[in-house]
Every structure is written in C-alpha cells, then in structure tokens.
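If you read the sequences in order, they're chains S and F.
Take the first sequence: its letters are residues 165 to 249, numbered as in the numbering used here.
Take the second sequence: its letters are residues 165 to 249, numbered as in the numbering used here.
Everything labelled a hint here was simulated from the structure, so no lab data went into it.
There could be a bad hint or two in this list.
Unchecked claim - Sample of chain F residues facing chain S (criterion: CB under 10 angstroms; computed from the structure):
| hint | residue |
| --- | --- |
| 1 | V173 |
| 2 | S199 |
| 3 | I207 |
Stated by the list, open to error - Below, a list of computed lysine to aspartate or glutamate pairs in the DMTMM-like style, where the Cα atoms sit at most 20 angstroms apart:
| hint | chain 1 | residue 1 | chain 2 | residue 2 |
| --- | --- | --- | --- | --- |
| 4 | F | K220 | S | D221 |
| 5 | F | K188 | S | E196 |
| 6 | S | K193 | F | E196 |
| 7 | S | K247 | S | E196 |
| 8 | F | K247 | F | E167 |
| 9 | F | K220 | F | E167 |
| 10 | S | K188 | F | E196 |
| 11 | F | K220 | S | E222 |
| 12 | S | K188 | F | D194 |
| 13 | F | K193 | S | E196 |
| 14 | S | K247 | S | D194 |
| 15 | S | K191 | F | E222 |
| 16 | S | K220 | F | D221 |
| 17 | F | K188 | S | D194 |
| 18 | F | K220 | S | D194 |
| 19 | S | K220 | F | E222 |
| 20 | F | K247 | F | D194 |
| 21 | S | K220 | S | E167 |
| 22 | F | K247 | F | E192 |
| 23 | S | K220 | F | D194 |
| 24 | S | K247 | S | E192 |
| 25 | F | K191 | S | E196 |
Unchecked claim - Here are the in silico distance ranges between beta carbons for each label pair:
| hint | chain 1 | residue 1 | chain 2 | residue 2 | range |
| --- | --- | --- | --- | --- | --- |
| 26 | S | N166 | F | K193 | 41 to 47 angstroms |
| 27 | S | K247 | F | E167 | 20 to 26 angstroms |
| 28 | F | L223 | S | V173 | 17 to 23 angstroms |
| 29 | F | W200 | S | I241 | 26 to 32 angstroms |
| 30 | F | F246 | S | P184 | 30 to 36 angstroms |
| 31 | F | E192 | S | N166 | 42 to 48 angstroms |
| 32 | F | E192 | S | P184 | 35 to 41 angstroms |
| 33 | F | L223 | S | L169 | 20 to 26 angstroms |
It should be emphasised that the depicted structure is a prediction, and the values quoted were computed from it without experimental measurement.
Glycine residues also receive a C-beta, built at the ideal position from the N, C-alpha and C atoms.
What follows is each chain in one-letter form.
Number of protein chains: 2
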Amino acid sequence: MNENLLGIVAGILTSISMIPQLVKVIKEKDAENLSWLMLLVLITGLSLWVWYGFIKDELPIILSNAFAVLVNVTLLICFFIFKKS
Amino acid sequence: MNENLLGIVAGILTSISMIPQLVKVIKEKDAENLSWLMLLVLITGLSLWVWYGFIKDELPIILSNAFAVLVNVTLLICFFIFKKS
Chain S
165 MNENLLGIVA
175 GILTSISMIP
185 QLVKVIKEKD
195 AENLSWLMLL
205 VLITGLSLWV
215 WYGFIKDELP
225 IILSNAFAVL
235 VNVTLLICFF
245 IFKKS
Chain F
165 MNENLLGIVA
175 GILTSISMIP
185 QLVKVIKEKD
195 AENLSWLMLL
205 VLITGLSLWV
215 WYGFIKDELP
225 IILSNAFAVL
235 VNVTLLICFF
245 IFKKS
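Excised from the complex, chain S in its bound form:
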C-alpha cells in the first residue's frame, strides 16, 4: 500500500509535467518543435511499460504510462494536423 501510494504520487507528478506541452501545442496550433519519430519511439516505450506493469501487476505503472501514451498519441495526432505544407 505504501509503495503503491509512492508510485501513484510519482505517476501524478510525471503526468502533470507533460500537460503544459500538450496545452501549448493545442493552443498555439504549432507542432513544429515535435518530432514524429521521437514521439513514435516514446509511445512504443511507454506501451511496453504498460505491458510490463500488467505482467508485474503494478497499478501505478499501468496508470501513469497509459496516461503518458494518451498524451503522446494526442501530440502525434496534433503533429500531423498542425504541420505546415
């Protein structure tokens, strides 16, 4: 329980830190600074973490990485919507 709480707090903090970039990209409709290749690598890595969390049966890992997948898939979609030319 104590370690789960620690994992949940850790997950909330690392999740919060992703929000500003997402808000900025959506607000400014500018995804110029994003790299689709790096987003793909990141999404693949995060998905493997979710898988790892399921195998280890650790809810904090599953939840925080699933949230990160969601944020970065949204960023990837924004990249293709907002990219110029």
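Starting from the known structure of chain S, fit chain F onto it as the hints suggest.
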C-alpha cells in the same frame, strides 16, 4: 528475466526519446521553451519512481528513471545557464 528484458527495452526506448531535446538545447544554447517549474515537478516525480524501484527491487525502473533524472537535471542546469537577461 523475461519481464526484466521487457522493462529494459521499454526503458531504453523512453530514454532514447529524451536525447534529441537535450542535444537541441545544448547545441542551440537556447532553453527558452523549457519551464523550470515543470522540470522541477518532473525531476521530483522521476526521483520518486527511482525510490519506488528500490522498494520494489526492480532494476529496469531504477535505471531508466535514474537516467531520466540525469537528463532533466542537465536540462534544468542548461535552463539557468542559457536563459536570457
């Protein structure tokens, strides 16, 4: 072992995805797009993940989050070195 391998691959991928931003900031000597507050929140969260990894005795979690702490502490230092005025 199999789950450790999965965790290590996941950790390598999420670690790789952080490198380009670090290289960009150091190369362009420009940290304008970084927020020190978000870096602090992220570093705190990642440090808690390292702690979580130690409690759970999971090497992939310890290693990948320790690497992420290193990258983001470097970004934070760059932010204060490169910031204008």
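Now the hints, each set against the structure:
no.	hint	verdict
1	V173	holds (6 angstroms)
2	S199	holds (6 angstroms)
3	I207	holds (9 angstroms)
4	K220/F - D221/S	holds (12 angstroms)
5	K188/F - E196/S	holds (14 angstroms)
6	K193/S - E196/F	holds (18 angstroms)
7	K247/S - E196/S	holds (7 angstroms)
8	K247/F - E167/F	violated (42 angstroms)
9	K220/F - E167/F	holds (14 angstroms)
10	K188/S - E196/F	holds (14 angstroms)
11	K220/F - E222/S	holds (10 angstroms)
12	K188/S - D194/F	holds (18 angstroms)
13	K193/F - E196/S	holds (18 angstroms)
14	K247/S - D194/S	holds (7 angstroms)
15	K191/S - E222/F	violated (39 angstroms)
16	K220/S - D221/F	holds (12 angstroms)
17	K188/F - D194/S	holds (18 angstroms)
18	K220/F - D194/S	violated (40 angstroms)
19	K220/S - E222/F	holds (10 angstroms)
20	K247/F - D194/F	holds (7 angstroms)
21	K220/S - E167/S	holds (14 angstroms)
22	K247/F - E192/F	holds (12 angstroms)
23	K220/S - D194/F	violated (40 angstroms)
24	K247/S - E192/S	holds (12 angstroms)
25	K191/F - E196/S	holds (18 angstroms)
26	N166/S - K193/F: 41 to 47 angstroms	holds (43 angstroms)
27	K247/S - E167/F: 20 to 26 angstroms	violated (37 angstroms)
28	L223/F - V173/S: 17 to 23 angstroms	holds (21 angstroms)
29	W200/F - I241/S: 26 to 32 angstroms	holds (28 angstroms)
30	F246/F - P184/S: 30 to 36 angstroms	violated (19 angstroms)
31	E192/F - N166/S: 42 to 48 angstroms	holds (43 angstroms)
32	E192/F - P184/S: 35 to 41 angstroms	violated (20 angstroms)
33	L223/F - L169/S: 20 to 26 angstroms	holds (22 angstroms)
Checked against the numbered hints above, the structure violates hints 8, 15, 18, 23, 27, 30, 32; every other hint is satisfied.
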